[in-house]
Amino acid sequence: MFGILTYRKPINYIILLNLLAYLFIFYNLKSYKFETFAVGLGIILLVCTTYLIIIKNRLGDEYLFLIVSMLLSLGVIMIYRLDNDAGIKQTVWSFIGLVMFVTTCQIFRLIKIWDRIAIYYVGLSVFLYLITLLLGRNINGATNWIVIGGQSFQPLEISKIIYILFLACYFKKPNQLFFEGMGFSETKKEKLNKLVLVLFTFLNVFFLMLQKEWGSILLISSIYIIVLYVYGKNTLFFICNIVMTIPIVLFGYFFVYHIKVRIDTWINPWADIAGKGYQITQSLFAISSGGYFGTGLGLGRPDMVPAVNTDFIFSAICEEMGILTGVAVILLYMLLTYRGLKIVLRVKKRFNKVLGLGITTMLGLQTFIIIGGVIKLIPLTGITLPYISYGGSSLVSSFIILGILQAISREDYADVGGEIDEGE
Amino acid sequence: MGIITLLMNFVFVLVIYCFIFSIIRLIYMDIKSINYYISNSNGKHPYLKLINQREMLNFRIEETYLLTKECSIGRDAKSDIIIKDPFISSQHAQIVKKEGIYYIKDTGSKNGTFVNDNPLKIGFEWRLNNGDKIRLGQVEFLFVDILSKA
Chain A
1 MFGILTYRKP
11 INYIILLNLL
21 AYLFIFYNLK
31 SYKFETFAVG
41 LGIILLVCTT
51 YLIIIKNRLG
61 DEYLFLIVSM
71 LLSLGVIMIY
81 RLDNDAGIKQ
91 TVWSFIGLVM
101 FVTTCQIFRL
111 IKIWDRIAIY
121 YVGLSVFLYL
131 ITLLLGRNIN
141 GATNWIVIGG
151 QSFQPLEISK
161 IIYILFLACY
171 FKKPNQLFFE
181 GMGFSETKKE
191 KLNKLVLVLF
201 TFLNVFFLML
211 QKEWGSILLI
221 SSIYIIVLYV
231 YGKNTLFFIC
241 NIVMTIPIVL
251 FGYFFVYHIK
261 VRIDTWINPW
271 ADIAGKGYQI
281 TQSLFAISSG
291 GYFGTGLGLG
301 RPDMVPAVNT
311 DFIFSAICEE
321 MGILTGVAVI
331 LLYMLLTYRG
341 LKIVLRVKKR
351 FNKVLGLGIT
361 TMLGLQTFII
371 IGGVIKLIPL
381 TGITLPYISY
391 GGSSLVSSFI
401 ILGILQAISR
411 EDYADVGGEI
421 DEGE
Chain B
1 MGIITLLMNF
11 VFVLVIYCFI
21 FSIIRLIYMD
31 IKSINYYISN
41 SNGKHPYLKL
51 INQREMLNFR
61 IEETYLLTKE
71 CSIGRDAKSD
81 IIIKDPFISS
91 QHAQIVKKEG
101 IYYIKDTGSK
111 NGTFVNDNPL
121 KIGFEWRLNN
131 GDKIRLGQVE
141 FLFVDILSKA
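Respectively, the protein sequence lines represent chains A and B.
The opening position of the first sequence corresponds to residue 1 in our numbering, with each subsequent residue numbered one higher.
The opening position of the second sequence corresponds to residue 1 in our numbering, with each subsequent residue numbered one higher.
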C-alpha cells in the first residue's frame, strides 16, 4: 500500500516520537549504549504489533489503544532516561501488560458469567486483603507488597478491579443481587442489598486503611460516590452516603498523623522545606526549571525529586520535555476519559455500562489525584499515574482494565447481525 | 549546543501535538458520522453501512450513506455518493428504487461491482435485500433495509 507513510495515521507519530526520543537520549546522556536503541525498537515493535492485532481482529475502538500507547511510550522514555535498568524492566512489563490486554479483551467476551458471580468477587477480595495482611512486606511506608519468587506485586491493584466488577453486578439489577428466594419481602430485600453494598465498600476502605493506602481509599470512595450518583435512583441514600463521609474525613484529619502532615504540607510546604515539604517543593522546582520546552532529555536533574520513577514522574516529564508536554499528557488523559465515556454511552447492556463507567472514572480520577498532588493542586497522596509510572503490577492491572473497556467497546461496533435485529 | 537542544525539544513537542491533533481529527470524523446517522435516519429509509475500517482507507468516506432517493456512486463530482477511491470509476454504479424495492446497477465500471461476491453485468439491475454486501473498488458496504425485512 502506498499510504503507509501518511501524516494522517497517528501510529506514525508514535513511531517517530520513539525514534526521536531514544536518539536524543543516546546523544545527550553521552554513555553511547546501544541498548538504548534496543529498548526503543522493542517498544515500537510491541505497540505496532498490538495495533495491528486490534485492526485485523476488529477488536473495537482503536483510539483507546493509540492514546494509551502514546502515554506508555512517554513513560518508558522517561523511566529509561532516569534509570536504564528500570527502563528495560518496564519494557518487559509492557510486553506482559500488552499480552494481558489482548487476552483480557478476548476472555472477557468469551466468558459471559461476569455479572452473576458477585459473591465470588467478595470472597476473592477478602482473600486478597487477608493475604496482604499476613504476608505483606513494607516497602516505602505502605504494607501492601507481596513478594513471590523475587518478584513483588501489589494485590490491591487487582482488588480495585474486583471492586468495580462488584459495583457493576450490584447496579445491573439494583437491590436484587443477593437474598433472592429467601423469603424476604421486597423492601427488606432492597435494604439488605444496600447494606451489603455499603458494607463491602467499608470493607475495602477498612483493609486499605490497615495498609495505609490513603490514595486508594480516596479513589475507591470517589468511584463509589460517582457510580452511585449516576446509577442510583434513591437520592436520600446518596445524600446519606455523602454525609457519612464527612465525619470520616474529619476523623482522618485530626487523628491520623500521616494525613495531617499531607494536608499541612499542601497548605504550606515552605514551612519545612528540608523535611516534610521536601518532596513537593522539589517537584515544584523541577516543573518550573523546565520552562516551555524543557531542558532536553537527559540534560535536566529530575533525579533530585524523591520517588521520581513512580509518583513524581509527571514532574520529571515537565522538567525534561517542557510544560507543553505536560499539558499534552493531561490532554491525552482527557481524550482517554472522553473515549471511555463515549463507549459507555453507546453500550446497551447495563452491566457493561456500569463497568465501563467505573473503569473510566477510575482512570480519570487516578490521573487527577496524582497530577493534582504533584503540582500542589490537592493534597499529595501516593498513587501511580496509569500507563506512565514505573511498576509492574500497576501497569499490568491498568492494561487489564483497558482490555475490559476494549471488549465492551466492541459490542457497539456490533457484528452485522446484531445491528439489524435491533430495529425490530 | 543550546540552539540544537532547543530545536530538538521543539521538534519533540511538535510531534506530540501532531499526534493529539490527528487523534482529535479522527474522533471528530467519528462524531460527525454519528450525528449524520442520527439526524437523518428515522428508520424509514434504507442505508449503506461501511464495512471497512475507515482509518484503513486513504480517502474521505462516511460511515453510513442514507438512500432517500435514487443515487449514483462514483468518483465524479456529479455523483450523489462521491468516493475518491482510485479503484472506483467516475460513474461506477447506481441504486434505483422501483415500487419500494431497491436495485443496484453497474453503470460501466472498470473494476466491477460485486453483490455478495457475485459480479454484476453492466446495466443489469440486481435486487438488493437486507444484509447484502456491496463491494466497489476497495470499499465494501452493507445494505441495511429494516422495513423490507418485515
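Incorrect hints may appear among the rest.
As the list claims (entries may be wrong) - Some but not every residue of chain B turned toward chain A, in silico, with C-beta under 10 Å:
(1) SER22
(2) ASP30
(3) GLN53
(4) VAL96
If you're looking for bench data, these hints aren't it; they were derived computationally from the structure.
Cβ coordinates follow ideal geometry from the N, Cα and C atoms, glycine included.
Now for the hints, and whether the structure bears them out:
1. Taking 10 Å as the C-beta contact cut-off toward chain A, the hint placing SER22 (chain B) at the interface holds, the least distance being around 5 Å.
2. Because the closest C-beta pair between ASP30 (chain B) and chain A is about 8 Å apart, less than 10 Å, the hint holds.
3. The closest approach between the C-beta of GLN53 (chain B) and any C-beta of chain A is roughly 6 Å, which is under the 10 Å cut-off, so the hint is satisfied.
4. The interface hint given for VAL96 (chain B) is broken, as the beta carbon of that residue sits about 23 Å from the closest beta carbon of chain A, more than 10 Å.
Of the hints listed earlier, the one the structure fails to meet is number 4.
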